[in-house]
Amino acid sequence: MYGVSSSGKENIVLAIERMFDSLAYSFLGNVPKLRNKSPFFGSSPAFSLANIFVQAIGNKEPNFLERDVIRSLLASSFGYIEGLKNKTSSNVVEGVDALAREARISGSHVSYAQVAEIISAEMGKAKTQLKLIAEAETTKTRNMGSLMTIANDANRQGIEDPAVFFVVVRDGLLCNECKRLHMLDDGITPRVWKMSQLSMGWHKRGDDRPSASGEHPHCRCSLTQLPPGWGFKDGYVSFISLNHDEYKKQRGEE
Amino acid sequence: MRNQDWKLKYQDLKLKFHDAVDVAFRLGFEQGAQNAQLQQAQQQAAAAAQPGQPGQPGQPGEDPNAQMEQQQPDGSELDQHISQLESMVGSQKPGSAEDAVLQKSIRDIKAFQFNMKQAAELKKSEKAIAGIAKAMKTPFSMNKTATKNLAPHAQKALNDQEKIVADLMKSFEDEAAQAYKSIEKTLSLEQLLKG
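Quick note, the sequences are listed as chains A and B, same order. The opening position of the first sequence corresponds to residue 1 in the numbering used here, with each subsequent residue numbered one higher. The opening position of the second sequence corresponds to residue 1 in the numbering used here, with each subsequent residue numbered one higher.
These are computed hints drawn from the structure, not numbers from a lab. Fair warning: there could be bad hints in the mix.
To be verified - Now the stretches of chain A that chain B is said to cover, found in silico as 3 or more residues with beta-carbon under 8 angstroms:
{"id": "1", "stretch": "105–114"}
{"id": "2", "stretch": "219–225"}
What the hints assert, rightly or not - Keeping only pairs whose Cα atoms sit at most 30 angstroms apart, straight-line, the calculated DSBU-like set for lysine-lysine is:
{"id": "3", "chain 1": "B", "residue 1": "K124", "chain 2": "A", "residue 2": "K125"}
{"id": "4", "chain 1": "B", "residue 1": "K185", "chain 2": "A", "residue 2": "K9"}
{"id": "5", "chain 1": "B", "residue 1": "K163", "chain 2": "A", "residue 2": "K131"}
As the list claims (entries may be wrong) - Some chain B residues flagged as far from chain A (calculated, every beta-carbon gap over 10 angstroms):
{"id": "6", "residue": "Y10"}
{"id": "7", "residue": "Q39"}
{"id": "8", "residue": "V89"}
{"id": "9", "residue": "S91"}
{"id": "10", "residue": "S96"}
{"id": "11", "residue": "K104"}
{"id": "12", "residue": "D108"}
{"id": "13", "residue": "Q113"}
All C-beta atoms, glycine included, are put in the ideal place defined by N, C-alpha and C.
All chains should be built: construct the whole structure from the sequences, respecting the hints.
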């Protein structure tokens with residue numbers, strides 16, 4: 001049975017495509033795949049994922065390697081948004097088409113309320129997923145920027161495998177997984193890891209090592225280097241002695 | 001005395017006895033049924049008033065009103081009574097005193113039912129608002145340790161992250177509204193939309 005015409009469906013897809021492209025542009029900035037899509041995408045927005053990366057590497061001009069990392073991070077984020085765009089447009093087209101077919105069979109019309117119901121349901125789902133993508137990707141980008149800085153600094157200092165720790169940012173909202181991985185049993189001293197111990201992919205709840213990409217989408221814990229000789233006093237980073245190794249101390253190897 | 005037909009007299013008495021037994025049985029049965037209904041209603045009222053008692057359907061911590069709502073989710077029983085009353089009114093002579101009284105009773109019952117539904121809706125909304133308030137995001141702020149242990153540029157990156165996600169979600173609403181308008185326009189052109 002005939003529902004929405006093929007050109008009508010194309011228009012619906014185009015409307016959703018335009019919406020997601022605009023969102024991707026405001027989130028990612030002027031990425032190559034978006035550059036020629038709209039005349040409005042001429043300059044980069046003031047705040048984007050790339051800005052977070054630049055801030056995380058110390059607000060300096062990125063070098064060749066850092067540029068390559070941010071390029072791949074933006075491409076991966078764009079892929080997630082593209083996936084969400086395709087899913088949302090397919091669901092909206094399918095829903096509206098089914099409604100139109102049903103209306104034609106019964107010889108009636110589709111009401112505004114019915115269309116609004118379908119679109120708002122799909123947009124609601126898309127909004128939740130987009131927030132999840134945005135939260136996860138910003139956390140990953142921020143921590144990857146910090147990781148690049150730590151690696152560069154360690155290289156300069158001649159440290160092969162630097163000691164790192166996660167700064168927990170929100171006391172009241174600290175989840176059990178972050179608490180387990182980032183804090184010692186006393187609940188105030190950060191747990192120190194070697195950079196080589198960190199996982200680089202998405203964290204799975206229950207894993208015994210933290211991920212540099214963040215432990216979960218809303219994770220605000222921030223990766224930081226602990227220089228040699230430094231440790232913690234009441235949870236604050238403090239200089240202990242020249243020979244102090246906090247990593248070994250925490251593992252009882254000192 | 002001799003002329004009396006004792007057999008007939010006996011049969012007459014027997015018939016009267018049977019009638020009396022029948023009436024007594026019927027009255028007793030009706031009374032018993034009424035008592036049973038009354039007892040059941042009292043039990044239900046007691047169960048609603050004291051949730052969580054052993055052997056009662058209510059559980060500790062349950063809202064007794066919620067149980068009442070479950071029993072009559074949309075007042076369907078009340079609807080039945082109203083329609084029955086309306087059919088009775090239909091059979092009355094219009095303009096009579098009984099008709100006026102019945103009409104007033106129906107109006108009162110309908111108003112009562114409406115108030116009951118409103119109260120139930122309000123209760124649901126109250127619960128939903130409490131849920132929304134619980135789920136609402138608290139404003140982002142760093143703890144004292146983070147402020148000291150994190151480098152200023154890392155703190156700036158964290159604040160930027162909050163701003164970027166918030167801005168993206170804000171522009172989502174505007175973009176979705178625009179997309180909706182475009183889809184609506186397409187469907188209007190296809191002559192599929194009405195009223």
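Consistency of the hints with the structure:
1. Three residues within the 8 angstroms Cβ limit are the bar, and the stretch 105–114 of chain A against chain B gives 5, so the coverage statement holds.
2. Here the stretch 219–225 of chain A counts 3 residues with a CB under 8 angstroms from a CB of chain B, which clears the bar of 3, and the coverage holds.
3. Restraint check: the Cα-Cα separation between K124 of chain B and K125 of chain A comes to about 23 angstroms, which is no more than 30 angstroms; the hinted pair holds.
4. For the hint linking K185 of chain B to K9 of chain A, the alpha-carbon distance of about 12 angstroms falls within 30 angstroms, and the restraint holds.
5. A hinted pair counts as satisfied when its Cα atoms are at most 30 angstroms apart, and K163 of chain B with K131 of chain A qualifies at roughly 13 angstroms.
6. Distance to chain A confirms Y10 of chain B as a non-interface residue, since its nearest Cβ pair spans about 76 angstroms, more than 10 angstroms.
7. Under the 10 angstroms C-beta cut-off, the non-interface status given to Q39 of chain B relative to chain A holds; the minimum distance is some 48 angstroms.
8. Taking the minimum C-beta to C-beta distance to chain A, about 35 angstroms, the non-interface status of V89 of chain B holds against the 10 angstroms cut.
9. The non-interface label for S91 of chain B is consistent with chain A: the shortest C-beta to C-beta separation is roughly 38 angstroms, beyond 10 angstroms.
10. Residue placement check: S96 of chain B keeps its beta carbon more than 10 angstroms from all beta carbons of chain A (closest about 44 angstroms).
11. Listed as a non-interface residue, K104 of chain B keeps its Cβ farther than 10 angstroms from every Cβ of chain A; the least gap is roughly 37 angstroms.
12. For D108 of chain B, the requirement that its beta carbon stay farther than 10 angstroms from each beta carbon of chain A is met, with the minimum near 34 angstroms.
13. Chain A leaves Q113 of chain B outside its interface by the beta-carbon criterion, the shortest separation being 26 angstroms against a cut-off of 10 angstroms.
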